[in-house]
Amino acid sequence: MLYDEIDWADVWIEQMKLHNEADEQVQQPDRWGTYENARRFWQSSRKSGKRLEKTLREIKHDSDSRILDIGAGPGSMAIPLAQRVSHVTAVEPAEGMTEVLKENIKHYHLNNVTCIQKNWEDVSLEELDSPYDVIVASYSLHVPDIREAIEKIQQLSSGKVYIYWFAGATSWDKNYSRIWPQLHGRQYYPSPKCDVLYNMLYRMGIYPDMENFELIHETRFSSLDEAVQHYKPHYKIATNEQEQILRSHLEEILEKKGDELVQVGRSSRVKISWDNSH
1 MLYDEIDWAD
11 VWIEQMKLHN
21 EADEQVQQPD
31 RWGTYENARR
41 FWQSSRKSGK
51 RLEKTLREIK
61 HDSDSRILDI
71 GAGPGSMAIP
81 LAQRVSHVTA
91 VEPAEGMTEV
101 LKENIKHYHL
111 NNVTCIQKNW
121 EDVSLEELDS
131 PYDVIVASYS
141 LHVPDIREAI
151 EKIQQLSSGK
161 VYIYWFAGAT
171 SWDKNYSRIW
181 PQLHGRQYYP
191 SPKCDVLYNM
201 LYRMGIYPDM
211 ENFELIHETR
221 FSSLDEAVQH
231 YKPHYKIATN
241 EQEQILRSHL
251 EEILEKKGDE
261 LVQVGRSSRV
271 KISWDNSH
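60 is the number that this note's numbering gives to position 60 of the sequence shown; each next residue is one higher, with no gaps.
Don't read these hints as lab results, they were simulated from the structure.
Since we're looking at a predicted model, the values are computed, not measured.
Warning: the hint list may mix true and false statements.
Claimed, not checked - With a cut-off of at most 16 angstroms between alpha-carbon atoms, the simulated EDC-like pairs for lysine to aspartate or glutamate come out as follows:
hint, residue 1, residue 2
1, Lys60, Glu218
2, Lys257, Glu214
3, Lys193, Asp10
4, Lys152, Glu127
5, Lys102, Glu36
6, Lys271, Glu53
7, Lys174, Glu252
8, Lys50, Glu218
9, Lys50, Glu214
10, Lys271, Glu58
11, Lys236, Glu21
12, Lys193, Glu214
13, Lys54, Glu214
14, Lys118, Glu99
15, Lys256, Glu226
16, Lys236, Asp173
17, Lys193, Glu53
18, Lys193, Asp145
19, Lys271, Asp209
20, Lys271, Asp195
21, Lys60, Glu95
22, Lys17, Glu126
23, Lys232, Glu243
24, Lys232, Glu251
25, Lys232, Glu36
26, Lys152, Glu121
27, Lys54, Glu252
28, Lys193, Asp173
29, Lys271, Glu226
30, Lys152, Glu126
31, Lys193, Glu211
32, Lys152, Asp173
33, Lys256, Glu218
34, Lys271, Asp173
35, Lys256, Asp209
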């Protein structure tokens with residue numbers, strides 16, 4: 001097949017379909033659906049102050065800006081942005097994440113944040129108060145049809161778009177691939193990466209800026225039992241036998257730091273951005 005004949009949106013669809021098949025075949029609660037996991041994610045993000053502040057500086061905004069945060073999670077970016085801008089619309093599907101997000105909005109006494117608890121592909125244009133000066137999707141476009149997701153973003157945007165995504169295999173891709181066959185009797189397929197996204201954008205006539213960077217992320221646990229409970233929904237654990245496989249795996253990969261066990265995740269990431277105000 002010639003390069004010009006490749007439909008990169010279809011490549012994304014096929015790769016995401018393979019990635020999602022295991023989740024569809026192994027019915028377990030969403031990993032971020034629980035309050036405990038969402039709260040741990042928020043606490044971890046608060047410990048990454050320098051990295052978060054750097055990201056916030058990269059997102060060009062002022063006090064009058066109206067921002068759409070797709071996949072807002074517990075508010076890692078939505079909360080500090082709302083303290084600096086006119087309005088933030090936070091789209092987040094997971095129940096646990098949304099619960100923590102709403103707690104944080106109340107805690108920080110914010111009245112300029114609108115929450116929409118839906119997947120991005122299920123949000124209608126009518127639910128959103130467009131246009132937005134800034135649209136951010138930070139590792140959240142885990143969507144079946146990326147062209148459709150970007151087309152919706154383009155209809156809502158009057159300014160800058162920032163998409164953060166992955167370049168190459170992540171540390172968790174490698175960890176899942178290592179024990180997924182033992183757990184579920186099938187190969188693990190990672191999600192599509194930034195090469196597919198960039199080529200699809202290029203075909204749409206969007207020529208984005210690309211900035212690659214490495215990120216080290218730590219998740220801390222007080223005990224191995226706590227780590228097992230945290231990762232059970234990630235690895236779709238349903239039986240005692242599967243739990244023992246996971247426990248043995250975590251015993252090997254968790255690092256002892258003081259009184260805590262730490263999962264150190266390393267990954268190459270990319271900031272993809274473009275400006276629709278021209």
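Now for the hints, and whether the structure bears them out:
no.	hint	result
1	Lys60 - Glu218	violated, 27 angstroms
2	Lys257 - Glu214	violated, 22 angstroms
3	Lys193 - Asp10	holds, 14 angstroms
4	Lys152 - Glu127	holds, 12 angstroms
5	Lys102 - Glu36	holds, 15 angstroms
6	Lys271 - Glu53	holds, 15 angstroms
7	Lys174 - Glu252	holds, 14 angstroms
8	Lys50 - Glu218	holds, 14 angstroms
9	Lys50 - Glu214	holds, 14 angstroms
10	Lys271 - Glu58	holds, 10 angstroms
11	Lys236 - Glu21	holds, 12 angstroms
12	Lys193 - Glu214	holds, 15 angstroms
13	Lys54 - Glu214	holds, 14 angstroms
14	Lys118 - Glu99	holds, 13 angstroms
15	Lys256 - Glu226	holds, 14 angstroms
16	Lys236 - Asp173	holds, 14 angstroms
17	Lys193 - Glu53	violated, 25 angstroms
18	Lys193 - Asp145	holds, 14 angstroms
19	Lys271 - Asp209	holds, 8 angstroms
20	Lys271 - Asp195	holds, 12 angstroms
21	Lys60 - Glu95	violated, 29 angstroms
22	Lys17 - Glu126	violated, 28 angstroms
23	Lys232 - Glu243	holds, 7 angstroms
24	Lys232 - Glu251	holds, 14 angstroms
25	Lys232 - Glu36	holds, 13 angstroms
26	Lys152 - Glu121	holds, 9 angstroms
27	Lys54 - Glu252	violated, 33 angstroms
28	Lys193 - Asp173	holds, 12 angstroms
29	Lys271 - Glu226	violated, 33 angstroms
30	Lys152 - Glu126	holds, 11 angstroms
31	Lys193 - Glu211	holds, 14 angstroms
32	Lys152 - Asp173	violated, 29 angstroms
33	Lys256 - Glu218	holds, 12 angstroms
34	Lys271 - Asp173	violated, 20 angstroms
35	Lys256 - Asp209	violated, 39 angstroms
Comparing the model with each numbered hint stated earlier shows that hints 1, 2, 17, 21, 22, 27, 29, 32, 34, 35 do not hold.
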